[in-house]
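Colleague: Using the hints, position chains B, C and D with the ligands against chain A.
This is what each chain is made of:
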Amino acid sequence: MAKEKERKDDRPVETKTWRAMYRTMVKIRLFETLAGEYFAAGQIPGFIHLSIGQEGSSVGVCSCLRPDDYVATTHRGHGHMIAKGADVKRMAAELFGKATGYCRGKGGSMHIADFSIGILGANGVVAGGLPLIVGAGLSIKLRRTDQVAVVFFGDGAANRGPVHEAMNLASIWKLPVLFVIENNQYASTTPQSYSCAIGDLCQRAAAYNMPGYGVDGNDVLAVRETAARAVAEARAGQGPSLIENKTYRVRGHFEGDPQKYRDAAEVQRWQAENDPLRRFEDFLRRRGVLTAKKIRRIEEEVRAELDAAVAFAKESPFPRPEEALEDLFV
Amino acid sequence: MAKEKERKDDRPVETKTWRAMYRTMVKIRLFETLAGEYFAAGQIPGFIHLSIGQEGSSVGVCSCLRPDDYVATTHRGHGHMIAKGADVKRMAAELFGKATGYCRGKGGSMHIADFSIGILGANGVVAGGLPLIVGAGLSIKLRRTDQVAVVFFGDGAANRGPVHEAMNLASIWKLPVLFVIENNQYASTTPQSYSCAIGDLCQRAAAYNMPGYGVDGNDVLAVRETAARAVAEARAGQGPSLIENKTYRVRGHFEGDPQKYRDAAEVQRWQAENDPLRRFEDFLRRRGVLTAKKIRRIEEEVRAELDAAVAFAKESPFPRPEEALEDLFV
Amino acid sequence: MSDRLLTASAALAEALIEEMTRDERIFILGEDLTAHAGIFGQFKGIPEKFPGRILDTPISETCIAGCGVGAALTGMRPIVDFHFSDFVTCGMDELCNQAAKIRYMFGGQVKLPLVVWCPDGAGLRAAAQHSQSLEAWFVHTPGLKVVVPSEAADVKGLMKASIRDDNPVMFFQHKRLFRREGPVPDDPDFVIPLGKAAVKREGRDVSLFTYGSGYFLCQEAAAELAREGIEAEIVDLRTLKPLDFETVAASLRKTYRAVIVHEACLTGGFGAELAARIQAELFDFLDAPVLRVAAKDVPIPFSPPLEDFVLPRAADVVAAARSVCNR
Amino acid sequence: MSDRLLTASAALAEALIEEMTRDERIFILGEDLTAHAGIFGQFKGIPEKFPGRILDTPISETCIAGCGVGAALTGMRPIVDFHFSDFVTCGMDELCNQAAKIRYMFGGQVKLPLVVWCPDGAGLRAAAQHSQSLEAWFVHTPGLKVVVPSEAADVKGLMKASIRDDNPVMFFQHKRLFRREGPVPDDPDFVIPLGKAAVKREGRDVSLFTYGSGYFLCQEAAAELAREGIEAEIVDLRTLKPLDFETVAASLRKTYRAVIVHEACLTGGFGAELAARIQAELFDFLDAPVLRVAAKDVPIPFSPPLEDFVLPRAADVVAAARSVCNR
Ligand SMILES: Cc1ncc(C[n+]2csc(CCOP(=O)(O)OP(=O)(O)O)c2C)c(N)n1
Ligand SMILES: Cc1ncc(C[n+]2csc(CCOP(=O)(O)OP(=O)(O)O)c2C)c(N)n1
Ligand SMILES: [Mg+2]
Ligand SMILES: [Mg+2]
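Residue numbers (this note's numbering), protein chains in the order written: chain A, 471 to 800; chain B, 471 to 800; chain C, 260 to 586; chain D, 260 to 586.
Okay, chain A solo, but in the shape it has when bound:
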């Protein structure tokens, strides 16, 4: 928690927003925890990637967005969905493969979307969201609205070619796009320090003539501050930014990952010292925005909401087999 103390608490108090952000972080944490449990229990088919420990990034960024802004997310996208305002009931149902899920059971964890709130979809292809978000940015520019378009991607994704094309294109056209790298130190089994020729991914912004910000991704307010600035610039027509939220993947790459590539001690250290949720909680308590009692209430409310979501998912029917033939073409 050391890092928090260094920070001067001179920010104007945004009680309502902060509380909402906190609640969202709790919701993500609990959603992911439950998803892990139901996956382990064999009730969620396929495979799932959890974002526990990365709530600072999703909530920090999405707290700056409007419902009509766009977000493209990743295989590790539950947190972004919830932070953007998705319905956890329909999310849970989708993970369970049910007909009431966001995608009527066709997508699963790796392919959820809610176009009604601007979520253009999770993506099973690493870095797959970047070209799409440039298209969304171009669309905004052509339609002359002041929306912004945000893409989340990982440190591993950052080494794929489409990233280069997307950042260059967004820059020459000054599109309202935020490129948000969630550098959680690993891409599957591969440490970021191995896969990338430079230490700070945000430095690559210079290659595209856009601002690049390296942020403590486990400090949700630091993320929010940076994102707010980038969003404001994007809305004002000043073009794209690159934000690198430095964070840590606490769980395995996927649930069930044997994780031979790292020590358990490393994980524990991050959890103990640098949990974005605990850090924010401490901050809010110190600032008097939340009390232990209020926190408990939030936790209970969120728990109730998620229990209801899981119940909904469990009780929902599977799709009928023939529904597999629907939804291909308009």
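Certain hints may be false.
[Stated by the list, open to error] Not close to chain C: a few residues of chain A, all C-beta gaps over 10 Å, as computed:
#, residue
1, R493
2, F517
3, R536
4, G575
5, G707
6, Q708
7, A774
8, F782
[Said to hold, decoys possible] In silico lysine to any residue, SDA-like type, Cα no more than 20 Å apart, as pairs:
#, chain 1, residue 1, chain 2, residue 2
9, D, K370, B, D538
10, B, K644, D, F504
11, C, K455, C, L525
What the hints contain is simulated information worked out from the structure, not anything from laboratory work. Bear in mind the structure is a predicted one, so any value in this text is a computation, not a measurement. Ideal placement from N, C-alpha and C gives every residue a C-beta, glycine not left out.
Modeller: Frame of chain A; chains B, C and D with the ligands shown alone:
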């Protein structure tokens, strides 16, 4: 010619090398000129891309290479081929579509190679050579030789995704690769200033933790100096470099290009003031390495060689139709 | 309303101009579009008429394709110019893993009105990497429609239908046919619905099923066959996915014999799919095997005698038709 | 020499270990290979045995594929691990415009000994972007060989042959079959030549032509059919390109009936090519149409009832076989 004067002539005289380089530049210039003429006369099928005005880059770089070093080139690759030591007879025959050509008529201008001298091929796909050259670099490293691998590509190519992946990969593995951008100001109809978010493409090297050099590509000795350094570092196991040779495409993108995207005056200015061949010639005369008479002799010799090459190409037979079914698999 | 003679290129431009006038959401995206109105001049008039709605990109096929997808998902109706169809390889993920799957895997939440315009085909001595006909890859990718027009009128009518379609459409137009003229109806409402083949020549002896450049081989072949007393019916499929199998079946039930003609290489080409379906669904109507005429199974070589040898010729169609008729 | 029971995964590793021991030029390249010996554990033992010859890459499929090509051109014999076959879309240019064409377009100057290992197939609830069977794209790309083993012994024998081949080979291995055991000869010289199919069950009534996971459906179906008195012959094609059409023809000439079975979606799949050839070359031997059993023409959906519905089942093979036999 102004630029030449500013340069202090304090380089050690490398008479033999300089003469050879000059001869090669003359050969490229004449080869390209003849190719243009025979194309216009309808004797070369398909379409061709000429490198007139870019001889400083090809000859400057290749003058630092050994026969066993690798080169991957582009759709505009005649100059690289000749600079690496290719046989103009077999090149001409290939352009004419003849059975005696490098590729037995299967490749044409856009797909020539001479693997016996390390030329891994021209490429009809822009930036197609970059992933291949990283493979060549990796192969060198695994075989523990001190070869180097050079890829030429254009300012337009620089915006393609494979460039990003290739530069990152070459850097993390410290492969003996030279990435040589020939920034000739245009990619087909598109000015470099439009297509790229930053002015100096060589700056992108920083995103991959490798040295990046911006060079006056029409000063063949400046190119040679930079390439020599990068080659030496690569051979010594110090990893890749990015060199941006700033030059100009004097001809249309392809022969027959209507060129509505630029003024004839712009072209004339470059030709008049910044022709790499004329600049080098002047330099060599000033330094007493060549006299007008010697120059004339070189030109005559090259002309004779190329006339013979064209004659060879013309006299050679076309491949038999059924040969189309050969060469697919070993 | 009468027909005018237009080149395939002019027919394309006319379709685009009409549709872009009708619907502001349509725009065109690709490399080198504005200076010369497309590298083949195929967008003549559009840069002047619609400034800001035809956009030059850097060389970034992956992002261009993805950009089309993203714009289509957010209220626009993009047309992506792929420069040469050979470079679909550089946008394959965006086309096949994104565009084709997005509507389906998200449970039908969204529509994706995207046209991917791919100039394809050989015959220009452009060699292996600028001459391919790759439509079969996309026919094998659920979620994409695949259109391959032949004549100028088809180009116009099918492009208009493709633009109006709310699904991703791969539109292949043959480079060597851009300047070929054909009659085009003078009617702004002239649209050819996707999934409708056309019987372009009636005949009772053999059905020639074809599309794209193959159509012109069939025309030539049919004239030759007629001289020999064989009346070939030519069915121009026009859309490969969805496929108008009814028209195919009706023709076959009349002729009992089929030859399929396309320029893409033989093995695994669209002809395989069509032959497989015909023999499966019309087995008892077949008096002879369904034959395929296609390019030989090699990359397209550069040298004229080689390229000519590899590509299918009208004579090959004649020979195949003769052989099924004389069985 | 006797057979041992090995999983398909162990058979793969054994092939690689034997070949890597034999030839120093062989190395493996791909994402996440060393920590867990491949993301499916398919390279068990290799990271320890051959340090420096199994290389982790960043997520860069385009460059990884191209890297394989470049290394193959310069004296090495690389094996590229494509992580999931679905991501071939990200290396499509390197595979289809480079690897497939380089030898040909440069007039045979060079050889290109490259194996591209692609774990493919559905059934793991991995949804649309991690479940595809894309072999047909590559069958339609001249210059590539295409191998799709089914049983553990095939995996081993075909991988060894692929590694020894001097041409680019696309090698598809089904993810759901990694743990499936089968007898594998205990002979280091056991190699199955590319282009040789295997008659794995003899039968006189109907030929089941299949490969990869389809083989196990056919096995199951054949047992069921036998109970009904129908004796099915199972031909495991093993290599799709080059195709062993002789073995196909021999079987068909015996049974007069054919069903083709694969997991890739129906339209434009490899079954189309095979059906087209069979009916063209063996028309007079066919007592019934060639039927195809394949996945339905949609992306692979996530939810178990949906995925199960889309994939072909043994019962579908039984029904098809029955229908051609009862004609
Ligand atoms: C193009 C592509 N390559 C490989 C994969 C397999 N894969 C899925 S997630 C992943 C690691 C991604 O790492 P990163 O981008 O850092 O995201 P994180 O998982 O850490 O959130 C890989 C290799 C994929 N889905 N897509
Ligand atoms: C992937 C790909 N996209 C587009 C093209 C068409 N094309 C051929 S050359 C060229 C321009 C290349 O510009 P640059 O890289 O600057 O090289 P230059 O022609 O200037 O030498 C284009 C767009 C291609 N061959 N390959
Ligand atoms: Mg990561
Ligand atoms: Mg250029």
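Colleague: Next, verify each hint and record whether it holds.
Modeller: For each hint, the structure was consulted:
Once the 10 Å rule is applied to beta carbons, R493(A) is consistent with being away from chain C; the minimum gap is 26 Å. The claim that F517(A) lies off the interface holds: its Cβ sits roughly 15 Å from the closest Cβ of chain C, which is beyond the 10 Å cut-off. Taking the minimum C-beta to C-beta distance to chain C, about 14 Å, the non-interface status of R536(A) holds against the 10 Å cut. With a minimum CB-CB distance of about 7 Å to chain C, G575(A) fails to clear the 10 Å threshold, and the non-interface call is violated.
Against chain C, the non-interface label of G707(A) holds: every CB pair exceeds 10 Å, the least being about 15 Å. The Cβ of Q708(A) sits about 20 Å from the closest Cβ of chain C, beyond the 10 Å cut-off, so the non-interface label holds. In this structure A774(A) is separated from chain C by more than 10 Å, as the shortest Cβ-Cβ distance comes to about 27 Å. Interface exclusion of F782(A) from chain C stands, the closest Cβ pair being 16 Å apart, more than 10 Å.
Between K370(D) and D538(B), the direct Cα distance comes to roughly 17 Å. Compliance with the 20 Å bound is thereby established for this hinted pair. Among the hinted pairs, K644(B) with F504(D) is inconsistent with the structure: their alpha-carbon atoms are about 47 Å apart, more than 20 Å. Using a Cα cut-off of 20 Å, the hinted pair K455(C) and L525(C) is violated, with the two alpha carbons roughly 24 Å apart.
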